[in-house]
Amino acid sequence: MSSWKMTGALVGALALSFAGWTLAQAEPKGAPASAVTQEQLNAAAKDENNFLHTNGNYDQTRYFPGKQINTSNVGKLHPAWIFQTEVKESMETTPIVVNGVMYVTTSFDHVYALNAKTGEEYWHYKHAMGPVTTYCCGPNNRGVAVYDDKVYLATLDAKLVALDAKTGSVVWQTEIADPTLGYSETMAPTAVDGKILIGTNGGEYGIRGFVKAYDAKTGKLVWTFDTSPENSVGVWATTDATGKDLHRDIAAEKAQLTKTGDPYKTVGGGVWQNPSIDLATKRIYFVVGNPSPDLDGSVRPGDNLYTESLVSVDLDTGKYVCHFQYIPHDLWDLDDTSPTVLVNAKDKDGNVVPAVIHGGKTGHVYVNSRKDCSLIRFSEPMVSQEGMYTLPTAEGARMLPGANGGVEWSPMAVNPELGLTYAVNLHQPMTYQVQSSPYPGGKLWLGGAFKVIATEASFGNVTAVDYNTGKIKWQVKTPLPMMGGPLTTAGGLMFTGEGDGWFRAYDAATGKVLWSFFAGAGVNAPPASYAIDGKQYIVVGAGGNTQIDFKRGNNIIAFTTD
Amino acid sequence: MEGPVLFYNGTEFEAMFHLPDPTSTKRAVLLVALLLMSGSAFAADPIEEKAKICTACHGETGVPQLKTTPVIWGQNEGYLFLQLRDLQSGARKNELMSPIAATLAKEDLLPLAGYFSKLKWPNLQQPEAPKDVAAKAQSAAASVGCPGCHLHHFQGDGSTARLAGQQREYLQKTMVDFRNRTRGNNPGMSDLMNATSSDDLTALAEYLAGLQIDQYLGSEHR
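Residue numbers (the numbering used here), protein chains in the order written: chain A, 900 to 1461; chain B, 52 to 273.
Derived from the structure by calculation, the hints contain no laboratory data.
From the three backbone atoms N, C-alpha and C, an ideal C-beta is built for every residue, glycine too.
Some hints here could point you the wrong way.
The calculated DSS-like cross-link candidates involving lysine-lysine, where the alpha carbons are at most 27 Å apart (straight line), are [to be verified]:
#	chain 1	residue 1	chain 2	residue 2
1	A	975	A	1411
2	A	1025	A	1119
3	B	169	A	1025
4	A	928	A	1025
5	B	103	B	187
6	A	1450	B	187
7	A	1450	B	182
8	B	171	A	1025
9	A	1411	A	966
10	A	1119	A	1065
11	A	945	A	1434
12	A	1270	A	1094
Under 7 Å between C-beta atoms, here's a sample of chain B residues computed to sit facing chain A [said to hold, decoys possible]:
#	residue
13	108
14	128
15	129
16	146
17	199
18	208
19	210
20	237
21	238
22	239
23	246
The following label-pair restraints were derived from C-beta to C-beta distances [said to hold, decoys possible]:
#	chain 1	residue 1	chain 2	residue 2	range
24	B	233	A	1290	41 to 51 Å
25	A	1248	B	186	23 to 33 Å
26	A	1072	B	185	52 to 62 Å
27	B	165	A	1335	53 to 63 Å
Please model the complete structure; the sequences and the hints are all you need to start from.
Laid out in structure tokens, this is it:
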């Protein structure tokens, strides 16, 4: 008799002994989850039934190939069902849909498996959170990864958890990093080639950032890429990627370097979002966030590599391939948090080449070569850059963009038929105030404060950029700063939500609003799409946002046309 | 005093678990199983014993003796743990707490934090702030992003302190201590308090003290 059978027999005997004493225990409702193959994940970009990756596919285009819902019938879109989670708090999840089963997450790391056709709950997992959670911007979670028979979640207490897709029970769990040192997780993992890839938060806490790969079956660490190399000094660049002067005092920095050495162990460099996977070259591409402390450069001399950079590493080994830094030695938290997207774009000579793009907090869309990470072009600014790179002062210096961007963590979407990328932006004037303090051992380490100027107007916009030219194709102003992100579809549509509760469909080519729905709470999560029994759905979370304090809710809303 | 019930007499035990017929062998099996499951149920909880020293200042019912002493009943576990750790290491200095923290065993810090976090936050009957004060406080909080960590209802989470319903005088003193870096174990908080005017700090203390919230409004995630 095997050990598990013995255990089962013992449990049965005890249960018999306890007859007459009833323990209330809910009957678990299993999900009819089917195993997800690597071939399915590879082909996600052409899958009209499922939404298998947080950003749609390995290129991260957030382009859904189904076109049953399109510009001619989107006006008839209406709720098919609404699921209310137990957690009424900031919602940034992208629903993942696999053969009729939907997985959504909430703040504080709950996971639900739902019937994607009806909204009925199959199972609900609540992460047993450790006592120490260190996060700057809300208890968010952006979703799960799916692979084989498991669902993967990364948590606020810096754990990576594998759940049984059918039952929601824990298969394995491992600690990614020590949360008392400022590490936490809000991003969705990425599943590829038997590995689970994960970055980290913590750029506000003096971490040393990383991307790690774990064995999907066992949870064993496969490789780690540290986002700050032991020589993080770089080339003492005095301008940003667009040629703007950063006003660095290189002599003072060099003197500090002599005095205190390379700051790579505490220089930050979180990776907030999923990498893009180039299946042909087996390279991954991601952007690295801000240096620590955010506003005080005096304690971190040098360019602070690879903060605020595009980085590519080998998928199998985690070895460095190339990088490109956008803002060396940043002092404004104008970092890169929106995920990268792989496209084929025209280079400077007009040749179409493999490219990687992302939206920055600066308000530019950057287009880089996948071959060597070099910059091909940057877009017109999507937001005001009034006084950009004004040095922070003790009293506070005003400038735009504010520290939330531009483009914050919100992913972009790409419509390859139109050659457009869609980005949502914030216009939030702030003052930047610098103060100096030593590394605080995992506590908040801003090096000052960025302060929203309450007397000035804040607003947002939705912008379509031609990534082959860098020109803005269309732009729609929104009443509130934008956070959440878009989805675009083969039906000629682009969907995105707003902090006041409106969820809208735009004509992807022109920016004309074709449909709107009021969700009652901030729609600050990226939408997804899928189809069941030949019927296409659009789904989005409406739970508001902690970071910019939009009205909270707890709704997952699926829409369809009948 | 609320908290875990540690001792049961036989009648209470039977009433709780509806024990079968006294002559039944199942009864004996069940009693043994329950005793095993209850672990140290018949011995005093050592952490509760160790926590008794705290009542001298923090109160027997969770209401502190002095206005400048914080409420710790119902405070977040991770926050309490890190404060004890920092008081012990010297990163945070307090003439009353530092010597007490020095006597604590390292392995007791997290259990102590867990013990107090599970007690019910007391209602100090502090008045709700007038609307103009609340508006000023909310604007100040939004400006430097307080809800990003302390959350929508200022109940904090994990390593971040609950502020809602905390003692007004303690809140005021703490914000000023952060401001002048007398409290040195969170320089990020010091930076944010330095970016906030004295008037705004006073409004924040009044507003936060008047937020009496009995349960977490967003979820039952704990």
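Can you list which hints this structure breaks, lowest number first?
5, 13, 16, 24, 25, 26 and 27
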